[in-house]
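J.: Which chain is which? The protein sequence lines are S and Y, in order. Oh and the first sequence: position 179 is 179 in the numbering used here, straight run, nothing missing. Oh and the second sequence: position 34 is 34 in the numbering used here, straight run, nothing missing.
Calculated from the structure, these hints are not laboratory results. Each statement offered as a hint is correct.
Pairs of lysine to aspartate or glutamate, DMTMM-like flavour, derived with a Cα cap of 20 Å: (1) Y:Lys-124 to S:Asp-166; (2) S:Lys-270 to Y:Glu-9; (3) S:Lys-220 to Y:Glu-125; (4) S:Lys-107 to Y:Glu-15; (5) S:Lys-18 to Y:Glu-9; (6) Y:Lys-118 to Y:Asp-108; (7) S:Lys-18 to Y:Asp-82; (8) S:Lys-256 to S:Glu-269; (9) S:Lys-107 to S:Glu-269; (10) Y:Lys-113 to Y:Glu-51; (11) S:Lys-12 to Y:Glu-9; (12) S:Lys-184 to S:Glu-214; (13) S:Lys-220 to S:Glu-139; (14) S:Lys-270 to Y:Glu-15; (15) S:Lys-220 to Y:Glu-128; (16) S:Lys-220 to S:Glu-172; (17) S:Lys-270 to Y:Asp-82; (18) Y:Lys-21 to S:Glu-269; (19) Y:Lys-124 to S:Asp-145; (20) S:Lys-270 to S:Glu-24; (21) S:Lys-12 to Y:Asp-82.
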Amino acid sequence: MTTTAVSQHQTKWWSGGKSPFNIEYGKLMMWYFLMSDSFTFGAFLISYGTIRFSQNYWPNPSVVFNAFPGAGHANLPLAFVSLMTFILIMSSVTMVLAVHEGHHGNKNGVVKWMAWTIVGGLCFLSCQAWEWHHLITGEHVVLTDQNTLDVIGQTMGGNPWGPHLDPAIAGEALTRTPVEDLAKVVHAHDHSHSIDQLRAMSREQLLGMINLDELHVNRKGPIAFGGYFYGITGFHGFHVFSGVIINIVMLIMAQKGVFERRGHYLMIEKAGLYWHFVDLVWVFVFLCFYLI
Amino acid sequence: MEHTNVSTEITIHHEPSASTKRIWKVFWILLIITMVELGLGLSLYALSLPEGLRMHLIKGTIIILSLAKAYYIVSVFMHLGDEIRNMIMTIVVPLMLFIWFILAFLGDGSSYKNLRNKYDRSYKERTEIGTHKKDTVVHPGGKD
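Between the sequences and the hints, there should be enough to build the whole structure, so can you do that?
T.: So, in structure tokens, the structure goes:
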């Protein structure tokens, strides 16, 4: 209480005998860890930016990320990732509320807000799992290097969001497409037959089911897109996952009264720093992959 | 509440704030900035702007708004703004490396693109198709 009267400007921070940073050791080390982690994420994102700047063409994120669970093929650009962003901001708020309760030594408050933070983290991870699944298993008709048509998803080995292909070129490529790939092309637009039923059909039957005007065919996009997207969002998702584990440990320790006996909730503050950092990184992942 | 001496590294304690008003204020700021960013991101898509000054202005605005969000998260949620100046500087100064890091590497990427377009015309033709309005027929049955 009395110490607050001393101004930080009057204190000789560098004259020895005290920490010049005025912060508990563990928290200071958490800050340094987060600083180094931000260089790791920064290096990844800058590497992505370098490759993107070296390309003549890059897919438009509003075209790539336009799906929403349960909305079928509706075109809802960036809607789902907005939800994910909102969930993460919200869980950051509940985390800072847990830290706030910790400052006041309110055990029940800490436990309540930590629980909500964990729920938010799990929601975010579930959203990411759905998004990855949707991108990997998506069926997009593309022009192959052999000038035939094929169906691919967004994977590390292929990107289906190249420039849109002129229907005349698509029609010509269709005549060269092997029958097993034709079955996949039909299946990409029409799920009324199973892929096995389609494979049993003849070439003429399959061609009769394809309407060139409705067929959206793209060239293949830059292959680096998948590696960077899954690599960086995966690394971020891994941070969210470990953050959830840390938060669960903190919740259990708070519930058991460990911090109450210790007399302070500094561990909640350290876990909070890590959790906010995860939110901070998402601000930039969101910026680099979805917005620009 | 009473102050148990949390750790010997802390010379000056500052009182934790009594209310959560500031937290909720920052929540609303973050939410509104995110919505503005989304609006701008979607306007890029809806207007399908060509590469040019207007597109770069919009993207630049989105980047500045994201930096503002980062500032609020670090300063208020992570309480760095409440620490003493020495502490703030030991974190912020090393991060200045990013200025060089970003400029140097993005410049390198773009210089690689320009060199390749200049010396490999066929690469330029193959990859710039998407930037034209209408897809031009480049190789109708050229090979195979």
